[in-house]
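Student: Line by line, the protein sequences are chains A and B.
Residue numbers for the first sequence follow this note's numbering, so the first one is 1 and each next one is one higher.
Residue numbers for the second sequence follow this note's numbering, so the first one is 1 and each next one is one higher.
These are calculated hints, taken from the structure and not from any lab test.
Beta carbons are placed, not taken as given, at the ideal position from N, Cα and C, and that holds for glycine.
It is possible that part of the hints are untrue.
Distance condition first, Cα-Cα at most 20 angstroms in a straight line; then the derived PhoX-like pairs of lysine-lysine [what the hints assert, rightly or not]: (1) B:Lys-165 <-> B:Lys-248; (2) A:Lys-161 <-> A:Lys-99; (3) B:Lys-248 <-> B:Lys-215; (4) B:Lys-37 <-> B:Lys-165; (5) A:Lys-161 <-> B:Lys-280; (6) A:Lys-145 <-> B:Lys-165; (7) B:Lys-215 <-> B:Lys-165; (8) B:Lys-510 <-> B:Lys-539; (9) A:Lys-145 <-> B:Lys-248; (10) B:Lys-190 <-> B:Lys-215; (11) B:Lys-280 <-> B:Lys-190; (12) A:Lys-145 <-> B:Lys-37.
Listed below are several chain B residues computed to face chain A (Cβ distance under 7 angstroms; list not exhaustive) [said to hold, decoys possible]: (13) Glu-10; (14) Phe-11; (15) Arg-15; (16) Asp-21; (17) Gln-151; (18) Trp-152; (19) Leu-155; (20) His-156; (21) Pro-157; (22) Arg-235; (23) Leu-239; (24) Arg-243; (25) His-273; (26) Ala-278.
Here are the chains, one letter per residue:
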Amino acid sequence: MPPLEEESPSLRAPSLSPRLRGEGRGEGQPQSPTPVQAPAPHPSPLPAEAGREDQSALAPAGEPDPEGPIWQAGAFRRNTWSRWDGEAALPDGPVILPKARWLAERDRLAGRNALLGLQIEPGEPIDDIAADLPRFALIALNFPKFSDGRAFSTARLLREKHGFAGELRAVGNVLSDLLAFMRRVGFDTFEVTHPPTRRALAEGRIREVKLYYQPTGADAPTDGTRPWLRRHAD
Amino acid sequence: MYRYDEFDAEFVRQRVAQFRDQVARRLAGELTEDEFKPLRLRNGVYLQLHAYMLRIAIPYGTLAPRQLRKLAHIARTYDRGTGHFTTRQNLQFNWPRLSDIPDILDELADVEMHAIQTSGNCIRNVTADHFAGAAADEVADPRPYAEIIRQWSSLHPEFSWLPRKFKIGVTAAEHDRAAIQTHDIGLHLKRLSDGRLGFAVWVGGGQGRSPFLAKLIRDNLPEADLLSYLEAVLRVYNLYGRRDNIYKARIKILVHEVGAEAFAAQVEDEWRHIRDGALKLPPAEIDRIDAYFAPPPFDTKPPAAALRMPDRAFDRWVTRNTHAHKQPGYAIVTISLKPIGGIPGDASAEQMDAIADLAERYSFDEVRVSHEQNLVLPHVRLGDLWAVYSALKAIGLAEGNAGLVTDIIACPGLDYCALANARSIPIAQRISERLSARQDEIGDLKIKISGCINACGHHHVGHIGILGVEKRGEELYQLLLGGSGAEDAALATIAGPGFGPEGIVDAVEKVVDTYLELRAGPQEPFLAAYRRLGATPFKDALYAAA
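Looking at chain A on its own, in the form it has when it is part of the complex (with noise of 0.2 angstroms):
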């Protein structure tokens, strides 16, 4: 088997801006230019669209490492956030927020030059701050159970209902029958700490279904013999 991402060519592109992760998204159609610019099924009803791009575009990717927790275009890297969960210090560089420090702090951290992130536990809505998700450069969907897959939900929420074009992280129970579900409803990256999984991935060994009968994302196809259906990259 060829490792996991040789099928997403463009996720191993050096830059993950937002631009290039649509194709991502993509993999194996005719791509137009501009895949983010495509109408969506329904228009962001951000007002922010300038901002968010500042934000997610500086999301920096982490040297790759054999030993780091962030699996990420076909490679395993060091992390670059660091978790605050409001109790110690605010550390310097990119920082993941529970939700509820984020509402409890907002002022505070509005000013704030380094990049932030946020993570969203499952059963937490986003609707209610929908108008602040282009402040965050990341935001991480937690799986605290492998059998727990509200995040697919949220993840796809994210990305077709409110826009958010930052990179969307699974962490908890990442396991290797999950990722091509996470791909697929919107994630780019992922944290893994599960052993098996982690020598799967490291030794491209996972095997899946790549044909799809959905379409997900943003960049939904709407022509072909059916619309709801497109084929992944053989």
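Model the placement of chain B on the given structure of chain A, informed by the hints.
Tutor: Below, chain B alone, put in the same frame as chain A:
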């Protein structure tokens, strides 16, 4: 019927290859049983009391003869010569070896079949009216929509880890043969007020420990919006369905707790954002799928047929086991898999082969599986009924008991199932033997038996339901009365204290005797009499002497 194109075929092959790899890793000890379990369940493989069990999907219950022959071949080669048709219109093999299962799945793929999503907390095999495409009372064939749903739901990335399993049933007739009100989503295809086809959408039905009938949440869904609306329902369920308690995780509990109106409003809100998106079904696409289900080339002037032969058993069989066809000169034939004293839903490899022959010769290459665990030849010329009957008689499947008291639904129960608390099959066999002599006199009466609260035997919607439980190490059977899974759906109520394995057969007979004594006449079937009389006379008969 639907035929795979290259895409479908490759999809199934890739899935088999993926599972073959998982099985190899399990057999090599690289995967623990705990790690393997969710993987095998997604492919229909259960670990039962004595062996692995493989549940094969028969989408909306439609089979071609070559598929039925393949199932017969698998029964002979990899099992003990028998298959078991289930209330989900599926087929189960009870004795496959794990190491053989990838080969079985490859053999199935040869005939466009699979076992995908026959288990697990995902969208299960879609069921439909087993008379679809043939019944005189349907507005259109519901199977093209079921096929569209099958494709959309196959390995859906968002809905593969739902709180609990999810069942969708489709019917297109006012007389509901698909029991849609007991499904997580029941779809009723009908003419909308503008004359176009669309759906009434019922949500939140289900049996199990806490039974609920579905609620109507939308009465006029245009067909073009089918998938986007389903996606909205599934998304609301995936986000808000309970995950804290496996017994409260079905959508029925969510709908019950928030109320049907509030649930419907949530769905509408979600749907608003996606209804004009990529899931909108273009008419050309519906037509393309519809074409696969085009009516067969019926003989428009079939020769006059003698429906009555000098054979009483044939007369009975015609009366009970044939149903009105939309095409004059044809009938729908039910092949009862309930011979007196037999195992409900079982068919031997030889019987499957013979039925495949009959379908080729007399039914335009079609066989159906009913959720009542029978098979159906949907398109038989009236003039061929005698020949079909005679051939069925030769394989022991000519019992004219469709819908009668011996046409019993029963789950596999404690004879096979790891979840069961009590046996179901022997109870069904004894009731069948006890009442067979009087079944014509008794008339329409549906008995449904489950061996545990999971209710695979649909006891909640039996006219007479039987639930096996375990009490202090003994099998105990609760008796329920007055349920229905049809358009007049109702949940049965428990009659009183339970009975032992012998006593339950006597109790059923007592209920039947009470009905015969009190009915307004032979034209008043059991359910109507029960609804008129109430439970009291039946309870009195059951418990007065005790």
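Student: None of the hints should be skipped; say for each whether it holds.
Tutor: Results of checking the hints against the structure:
For a cut-off of 20 angstroms, the pair hint linking Lys-165 (chain B) to Lys-248 (chain B) stands: about 12 angstroms separates their Cα positions. At most 20 angstroms may separate the alpha-carbon atoms for a hinted pair to count; Lys-161 (chain A) and Lys-99 (chain A) meet this at roughly 19 angstroms. Of the supplied pair hints, the one linking Lys-248 (chain B) and Lys-215 (chain B) holds, its CA atoms being roughly 17 angstroms apart against a limit of 20 angstroms. Proposed proximity of Lys-37 (chain B) and Lys-165 (chain B) is supported: the alpha carbons are some 15 angstroms apart, at most 20 angstroms.
Of the supplied pair hints, the one linking Lys-161 (chain A) and Lys-280 (chain B) holds, its CA atoms being roughly 17 angstroms apart against a limit of 20 angstroms. Between Lys-145 (chain A) and Lys-165 (chain B) the alpha-carbon distance is near 17 angstroms, which keeps this suggested pair within the 20 angstroms criterion. About 18 angstroms separates the Cα atoms of Lys-215 (chain B) and Lys-165 (chain B), which keeps this hinted pair within 20 angstroms; it holds. Pair hint Lys-510 (chain B) plus Lys-539 (chain B) holds up; C-alpha atoms about 10 angstroms apart against a cutoff of 20 angstroms.
For the proposed pair Lys-145 (chain A) and Lys-248 (chain B), the alpha carbon gap of about 18 angstroms is at most 20 angstroms, so the pair holds. With a CA separation close to 17 angstroms, the supplied pair Lys-190 (chain B) and Lys-215 (chain B) stays within the 20 angstroms bound. A C-alpha spacing of about 19 angstroms is found between Lys-280 (chain B) and Lys-190 (chain B), which places the hinted pair at or below 20 angstroms, so the restraint holds. With a C-alpha separation of about 15 angstroms, the suggested pair Lys-145 (chain A) and Lys-37 (chain B) falls inside the 20 angstroms cut-off, and the hint holds.
At a threshold of 7 angstroms, the smallest CB-CB gap from Glu-10 (chain B) to chain A is about 6 angstroms, leaving the interface hint in force. Interface restraint check: Phe-11 (chain B) against chain A, minimum CB-CB distance 4 angstroms, threshold 7 angstroms, status holds. Because the smallest distance between the Cβ of Arg-15 (chain B) and any Cβ of chain A comes to about 5 angstroms, under 7 angstroms, the interface hint for this residue holds. With a least beta-carbon distance of about 5 angstroms to chain A, the hint placing Asp-21 (chain B) at the interface is held under the 7 angstroms criterion.
Checking Gln-151 (chain B) against chain A by beta carbon gives a least distance of about 5 angstroms; that is within 7 angstroms, so the hint holds. Hint status for Trp-152 (chain B) relative to chain A: holds, with the closest Cβ pair at about 6 angstroms, below 7 angstroms. Satisfaction of the interface hint for Leu-155 (chain B) is found here, the shortest Cβ-Cβ separation to chain A being roughly 6 angstroms, below the 7 angstroms cut-off. Taking 7 angstroms as the C-beta contact cut-off toward chain A, the hint placing His-156 (chain B) at the interface holds, the least distance being around 6 angstroms.
The interface hint given for Pro-157 (chain B) is met, as the beta carbon of that residue sits about 4 angstroms from the closest beta carbon of chain A, less than 7 angstroms. Taking 7 angstroms as the C-beta cut-off, the interface hint given for Arg-235 (chain B) holds, the closest approach to chain A being about 5 angstroms. For Leu-239 (chain B), the shortest C-beta to C-beta distance to chain A is roughly 5 angstroms, which falls under 7 angstroms, so the interface hint holds. Residue-level restraint check for Arg-243 (chain B) holds (minimum Cβ-Cβ distance to chain A is 6 angstroms; threshold 7 angstroms).
Hint on His-273 (chain B) holds. Least Cβ distance to chain A is approximately 5 angstroms, under the 7 angstroms limit. Satisfaction of the interface hint for Ala-278 (chain B) is found here, the shortest Cβ-Cβ separation to chain A being roughly 4 angstroms, below the 7 angstroms cut-off.
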